[in-house]
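Q: For the record, the sequence lines run as chains V and P. Under the working numbering, the residues of the first sequence are numbered 1 to 341, in order. Under the working numbering, the residues of the second sequence are numbered 1001 to 1337, in order.
Source of the hints: derived by calculation from the structure; they are not laboratory data. Small disclaimer: the values here were computed from a predicted structure and weren't measured. Be a bit skeptical, because a hint or two may be false.
To be verified - Quick list of in silico lysine-lysine cross-link-like pairs, DSSO-like style, CA-CA up to 30 Å:
#: 1; chain 1: P; residue 1: K1198; chain 2: V; residue 2: K253
#: 2; chain 1: P; residue 1: K1267; chain 2: P; residue 2: K1298
#: 3; chain 1: V; residue 1: K295; chain 2: P; residue 2: K1198
#: 4; chain 1: P; residue 1: K1184; chain 2: V; residue 2: K253
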Amino acid sequence: MKPDFEKLYFQMARIRAFEESLARLWRQGLIPGEMHLGIGEEAIVAGVLDHARNGDGLALDHRSTPPLVARGVDLTSMILEMLGDEGGLCGGWGGHMHLFSRDHLAASSGIVGSSAPLGAGFALAADYLKEGGVAFSFFGDGAANQGMLLETFNLAVAWKLPVVFVCKDNNWAITTRSSAVTGGSLTRRARSFGMPAYRVNGTQVESVWSAALKAVTRARAGKGPSFILARCCRMEGHFLGDPLVRVFEEPVKQTMEIAPPLIRALLAKPLAAAASRCGHVGYIGRVIATLGGEKYLTRRDPISHAGGLIPEQARDRLDREAELEIRDALAAALERKERHA
Amino acid sequence: MHEMTFAEAIDAALERAMADDERVITFGEDVTMLRRNLYVRFGPRRVRQAPISESAFLGAGVGAAMAGLRPVVEIMLVDFIAVAFDALLNEASKVKAFSGGKWNVPLVVRAACGGGYGDGGQHEQCLWGLLSGMPGIAVVVPSNPPDAAGLMLSAIQSDDPVVFLEHKLLSDYWLDYLGGASRKSVSFDVPDSAARGKVDVPPVVVQIGEARVVSPGTDLSILSLGVGVHRSLEAREMLLKEGLNAEVVDLRTVTPLDIKIVTESAKKTGRVLVVDEDYIGFGLSGEVAAVLGEAGVKCGFARVCTESVIPFARHLEDEALPNTRRITGAAHHLCES
Ligand SMILES: Cc1ncc(C[n+]2csc(CCOP(=O)(O)OP(=O)(O)O)c2C)c(N)n1
């Protein structure tokens, strides 16, 4: 089987355009609180959910909008939700980390790791209530160290649950490099529970799609869960306005804020172990550099890769279509918001 | 005395304690960046970043405390403590009793709490009532920089588990991270007198369990803590203009509750209004009523608390959390009846 690359590209373009419109609204101050975007995760979301059918469950983490866009949740109602409008997807009660669409059996949570047990529950119900239903559980590499997630791996294998665990591995959890706090390898970890594990380049939609096909086929056949580790790149920092990314955007201002307390700490009396203190400052500097650099230096943009898989004409057409769709949804949302104000 | 932000005051106390006592270490998610000043001074052995494994590292904090360390364990936001509840409910809080008083757990759990910046109901809870419901744990909630520093010192010096809650509206870095405060287009109702203030160097210890009368009054007593204290003080100003003189008490510690100050104030004014950002049911406000009843104090009673899941939309959130409109309304109602 081969994927329909134009269809995949279109989903990715829709997601990107949607996320970018959220970013603008957030910067304008119209969306409060944290805003975690899924920019950089489009290939994973599109590649996996291309295999989803009506009735399949969807358990999501704090980057929940891309899968909801891919599953066809009404875009205007999602934007209205972010704007805190009564007409929003959740009546203004959920917000971006807590989006729920009962019609799509899709739920998200801001508690890291909790999408795993939730997905297992969706899978249990699918297994019990209908033939061939599955559930998808999305989470990050940071979540892969959460106890409830590892317990769920075991539970899902023991109960042969039709769930596909998708780890979007950007190698960061806020400011912590996951490799610094993770023992062993995540794919070997998953295999040791007794399920197949696939390691794919999550910026290449075709690789994700192929691995997901195997995982979903296995789940629909009643053979139990699988694990997909998809490497990707965090292109916007942890959340919008990430202070460490700002060091790159406004270097002088941020350095003036960050540096003086560090220098005070460096010189704090008694002045013991001065050499190692300098080393600690170096470490802080390196984290900021790699973290911010992710945005400015090592862009591995899944959209440009996917764009290369289809003819240029098709790409332009799909970009336009996606942009129009998002623009209309946004306009409808803002108009309604205006009317209500 | 130095002028410090709320957050700087807490970290100054922690730094002091770490400099004075090698056994004090701190760990949690992202602490090497969040506490980078401590990291530079004390290094990775004493300022450790943890994986997102709260049940493991809070549980490890209990064990480490039992075996001779004095850990300050960070649970980023108190909401996330749900994931690690066993460590508090069935381990830390039980050791002293189970060992016949022979073994104690000098553990500090530090977490950010509270709302008012649009982050939704899984990131803005207070939960100090829930946490105070178990015997064997102290829970402190400072409302200004000197108290924050003083209570952090006390918490670290305590030989028993203490939960130290830092309200996000008072901590500039949390508002930056979680509220997106770097945007010029957003603003928050931050009480100025609370987010910055003068702190002694070294900070003066504030005893756990000691409330403070912030503004004396005669007509009613408003008991509160954290950001609620500042909302109450604002309400007090409005009430003064409307002919009511309210006493505002900053409880500072949830448990052990300062029963003496609470009952004294209630006896003096004859009316008690609890302003509690935590949930209304089965928590601090009900506890205050119970304590007053047990002490035989006959007084009017009312409360302004959070009564539902905290909504995401800012206008709904502002109504859900205690605000001056609700406080003054409740005060008038209480004084009329
Ligand atoms: C139980 C819990 N602990 C901590 C947090 C705070 N937090 C939010 S996102 C995040 C990092 C998550 O990393 P990862 O799972 O890799 O996802 P990413 O943000 O990198 O996509 C953390 C620590 C939380 N929301 N819930």
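Q: Compare the structure with each hint and give your call.
A: Okay, the hints, checked on the actual structure:
{"no.": "1", "hint": "P:K1198 / V:K253", "verdict": "holds (25 Å)"}
{"no.": "2", "hint": "P:K1267 / P:K1298", "verdict": "holds (8 Å)"}
{"no.": "3", "hint": "V:K295 / P:K1198", "verdict": "violated (39 Å)"}
{"no.": "4", "hint": "P:K1184 / V:K253", "verdict": "holds (15 Å)"}
Consistency with the previously given hints fails for number 3 only.
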